[in-house]
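Protein sequences appear in the order of chains U and D.
For the first sequence, counting from 1, position 598 maps to 598 in the numbering used here; every step adds exactly one.
For the second sequence, counting from 1, position 14 maps to 824 in the numbering used here; every step adds exactly one.
Keep in mind that the hints are not guaranteed to be accurate.
[What the hints assert, rightly or not] Keeping only pairs whose Cα atoms sit at most 30 Å apart, straight-line, the calculated DSSO-like set for lysine-lysine is: (1) U:Lys491 x D:Lys1109; (2) U:Lys491 x D:Lys932; (3) U:Lys471 x D:Lys973; (4) U:Lys604 x D:Lys957; (5) U:Lys491 x D:Lys1051; (6) U:Lys614 x D:Lys1084; (7) U:Lys463 x D:Lys1111; (8) D:Lys957 x U:Lys701; (9) U:Lys440 x D:Lys1109; (10) U:Lys9 x D:Lys1084; (11) U:Lys712 x D:Lys932; (12) D:Lys973 x U:Lys366; (13) U:Lys98 x D:Lys1078; (14) U:Lys588 x D:Lys910; (15) U:Lys32 x D:Lys1043; (16) D:Lys973 x U:Lys300; (17) U:Lys604 x D:Lys973; (18) D:Lys909 x U:Lys631; (19) U:Lys32 x D:Lys1084; (20) U:Lys640 x D:Lys910.
Derived by calculation from the structure, the hints in this document are not laboratory data.
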Amino acid sequence: MKASHKFLKYYVKDLDVSGKEFAEAITLTGTKIETYEKLNKNLEKIIVVKIEKIEKHPDADKLVICKANTGSETIQIVTGAKNVYEGMLCPAVLVGGKVAASAHDNNDYPDGIKINAGKLRGIESFGMLCSIGELGRPADLYGGNNDGIFDMSNMDCKPGDDAIKVMNLDDILYDFEITSNRIDCYSVIGIAKEVAATFNKKFTEPKTTFKTSFKDNKYIDIEVKDYDLCPLFSTRFVKNIKIEDSPEWLKDCLRAVGIRPINNIVDITNFVMMEYGQPMHAYDYDTIRGKKIVVKRASKGDKFTTLDGQIRELDDTMLTICDGEGAIGLGGIMGGENSMITDSCKNLLLEAANFNGTNIRLSAKKLGLRTEASNLFEKGLDPNNAIKAINRACSLIEDLKCGEICEDFIYVYPDEKKNVNKDIEVFATKVNSLLGTNIKADTMKEILDKIDLKTDINGDVLKINVPTIRKDINNFADIAEEVMRFYGYDKAEETLPNINIMPHTLTKDEIVERNAMNIAIYNGFNESMNYSFESKKVYDMLLFSDNAKERNYITILNPLGEDFQVMRTQLINGMLKSLSINYSRKIKLARLFELANVYLPLDKDINVLPDERKTFIMGAYGKDIDFYVFKGYAEEMLNKSHVLGKITFVKNENISYMHPGRTADILVDDTVVGYVGEVHEIVAKNYEIGTKVYILQLDIKNIIEKSNLICKYKEISKFPKSERDLSMTVPKDITVDKIENVFRERGGNLLDTFELFDIYEGEQVALGFKSVAYNLSFGSKDHTLTDDEVETVIKKIINGLSSLGIELRK
Amino acid sequence: MINIDELKEKALYKIKEATSLKELDDIKVNYFGKKGEITAIMQTFRDMAEEDRKKLGKIINEARNSIDELIKDRQKSFNDVILNEKLKKEAIDVTLPSKKVDIGHLHPCTIVFNDVRDIFEKMGYTVVTGPEIEYDEYNFEKLNIEKGHPARDEQDTFYINDKVLLRTQTSPVQARVMEKGKLPICIISAGRVFRSDSVDATHSPTFHQIEGLVVSDNISFADLKGTLTTFAKSFFGEDIKTRFRPHHFPFTEPSAEMDVSCFKCGGKGCRFCKGEGWIEILGCGMVNPRVYELCGLDKDKCQGFAFGMGIERLGLLKYEIDDMRLLYENDVRFLSQFD
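Pulled out of the complex, with its shape left as it was, chain U reads as follows (with noise of 0.2 Å):
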């Protein structure tokens, strides 16, 4: 929301604080400045001139030298601009002065050109004629022309006048965020009623009387079918209008806000929407057919002109405007081309309505037609304060002497008995154990009539007159909101809650994340993190199986295009992606970890929410990154969250995106807790990633079921060990699994670590076997463990081995 120093000033005459104390208060009372401009930013020593003289440049056809008095002498200034006559009055920058923008270019000069006195092909020029754009406006605002120099000899103005002033660029531009609540503010009456109570001023309200001229109460005859989307249609008829432009005061308070004039009429509504948040529509009445204004829901398929020429096609939840034959407007979008107000216009249809909100906004999405009214109307405006836009429009038609209006006010409102002020109740003491003070009741009337919110006082009851503008005001915590604003946020002490509370205490969950976390973190790996939302077409390249559970993903109905469609099943995906990043740029060793959601459905239709699955994937590539390394770290994170069973690695072919041959899942007794392994390399190429990727993947939730996560101390031997050396040759299809397995059963209590050191196939080995040779430590809790105890033990390994054909090296 925009609106300009001088504008707020016409409500609140007293304003006298600079545009930087001006924007840090009234932030502070809630109605934030986003930013703030002057509209005078690099201007300087710019007076108004009046051209004398022109003479022709002797040695310069496209320059011309001209006489121009100051009020005070006659200076010269060479200029090229074509437009310039002797008797013309237009701005001119003195030596010394500076323009903010150079008509030549288009460049920013945040420190605007300084001018200085110079020759122009040996002609000397002390100063600058100035064109609209050189004074940093925007042309179109001004009439569209930045050719020449701008004109102000239709201006009330004489030479040596401050030329900023007599342009109204002496003000201040802020542009305000206006909280979707206030609908009140979405108007520069409505900020000016803030700014009057921050700086504790007076507001005058502006003008809404008039005279009008004649009587008709038959000028026009408004049904209205669809009240719920229009609780109010209201009109006013002016005869005999004359249309001109406006008054120089009324196009530079539009301009000053971005708002181009154009005649007396529209610039009346444009600067009543301004100043009351109220789009107001005008109609050429004597294009209104039969007299009649009927407010309906389009049929499907109907097709209406708006005045910008297009032709928009409707659906039955828009609201037409029609008069005794058809269409002749959108409600609360835009008008229509057959009935918009022309110069040849004699006879004018105000109509000031009101909509219901969340209908503009889904009818202007749908007809892809945002316009300045349809964005104040889906905020949902109040239907009296349209009638006090159109009777305000009535008073400047009034005031510029543009058309005759009539008494009769023909409206429709059927609630306009039920939209009154409604009066609240509210307790002080509430208010301030709510806040945390102890402002006074008095005080709190005092700050609440400022704005609007009439108080009485009874003991600690404050009965509130609350205005229908106001809808944001429905409670106690509003007023105390209320009160608090202008009280001051600052002046509110700073205390601690005083409540009995428990501290938290880290959830099982949080424990087993925090531990796969941790040895990633220390073995290297990196944190990612990857949208939740991915193509449908990841599953194919990650080959899944048109069956595959994986393939049952939440699909998003709205989602930001193909690439973000459905709800992801599994990590990997945003693994690869992440490792191919890097991969492509040339990183040589990557480790990457992920701890999110999947989400898996648990019906077809989403009616219940989904298993949002905690999972945490590790991932890699490059030197010294291999299965076993990966295993390790599986092991390493399962041990530390101390899970109850035993861990074992059984090969699994079937996962589609991993190596068949070198993949595990990962299981404690029965359970799969994850997996490990290579990814496959198609897949890998799939994601452009021309080296070995390693994975691992653990569920959060089946792990905390196989863990208790209880740490107890285990003796250590007081006795010392004994170690052998196990060489043995073992037929080749014999995973090492089997023989530890042998070592677990057969070792009993003494048995207490064993390692593998060596593991060979080739020369001096057999064909079909391998070497693999294993350390052994022996060691009891109670004593030293003798030869014969360690060689029983030994005997009974070596026995259960072979009965597996596997023989002792000698």
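Since the structure of chain U is provided, determine the placement of chain D on it from the hints.
Here is chain D on its own, set in the frame of chain U:
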């Protein structure tokens, strides 16, 4: 009788003159070895009268100790020299590059989240989480965002169907906690949220929020200010000042936005704070009585505050990251910068 003094002097002289450990060893053998001079003298003891033996023993012991001490002394000097030379030879170029200790890094968002979480945990807050795919009822309705509110527009919210959506805020977790009806409440909820914003330098359709909710029967706006100022000082530094500006959220009334004084310029105004001297950090307010009703609590017995902030925003500010897209690209050169 052998002149032991003379023997001693001679020996000491030889030791002093020795030029290597080897010479010292030889000298030692010459005196203390099986056939050494002092050994020889000792061997004569057994033939001596006890008195003489004692007398001689004392003298010879003294001589022996002196010799022995000097040998050790000299050995030490030789060893020191050798050691020093060895150490000298072993010298390395300490400016050679290190063998990198590869420790990974948490994502900047996680770091910021942990920092914020730690502060509130220390103040006694419990961390709760909730579903990311959420019912409309919890994401909007119970939070006083009725049907037709602009925030619900498809523009902003991703829908799965009429009733289910991707949560646009972490506040539904608060609604779920309030609905349980157990007071007092003192929680923070954090996590991933979704808005239908196209990806650019300052927008992401996915981001993270951390929100807080404190409800009892007597919590005030002053408590809200105190809590959040404590947080801000703890997070940004003790010298930071806070400013509370009136604002509007459907969930709270009165509502405020909290700014902190610019930590770059100290509040004077600079490019970082766009000349304002203040940086907007979070939204907060007193829970709207309407929300208590919608969540099944007795509005006359509940008084409390809520606040919420964007983790990415804090992260961008803290680390001076100028493009949000970097957060989801996962370039390890980016990710490995944050601690």
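Tested hints:
| no. | hint | verdict |
| --- | --- | --- |
| 1 | U:Lys491 x D:Lys1109 | 26 Å, holds |
| 2 | U:Lys491 x D:Lys932 | 27 Å, holds |
| 3 | U:Lys471 x D:Lys973 | 28 Å, holds |
| 4 | U:Lys604 x D:Lys957 | 26 Å, holds |
| 5 | U:Lys491 x D:Lys1051 | 14 Å, holds |
| 6 | U:Lys614 x D:Lys1084 | 40 Å, violated |
| 7 | U:Lys463 x D:Lys1111 | 22 Å, holds |
| 8 | D:Lys957 x U:Lys701 | 36 Å, violated |
| 9 | U:Lys440 x D:Lys1109 | 24 Å, holds |
| 10 | U:Lys9 x D:Lys1084 | 27 Å, holds |
| 11 | U:Lys712 x D:Lys932 | 28 Å, holds |
| 12 | D:Lys973 x U:Lys366 | 22 Å, holds |
| 13 | U:Lys98 x D:Lys1078 | 28 Å, holds |
| 14 | U:Lys588 x D:Lys910 | 15 Å, holds |
| 15 | U:Lys32 x D:Lys1043 | 24 Å, holds |
| 16 | D:Lys973 x U:Lys300 | 27 Å, holds |
| 17 | U:Lys604 x D:Lys973 | 14 Å, holds |
| 18 | D:Lys909 x U:Lys631 | 25 Å, holds |
| 19 | U:Lys32 x D:Lys1084 | 15 Å, holds |
| 20 | U:Lys640 x D:Lys910 | 25 Å, holds |
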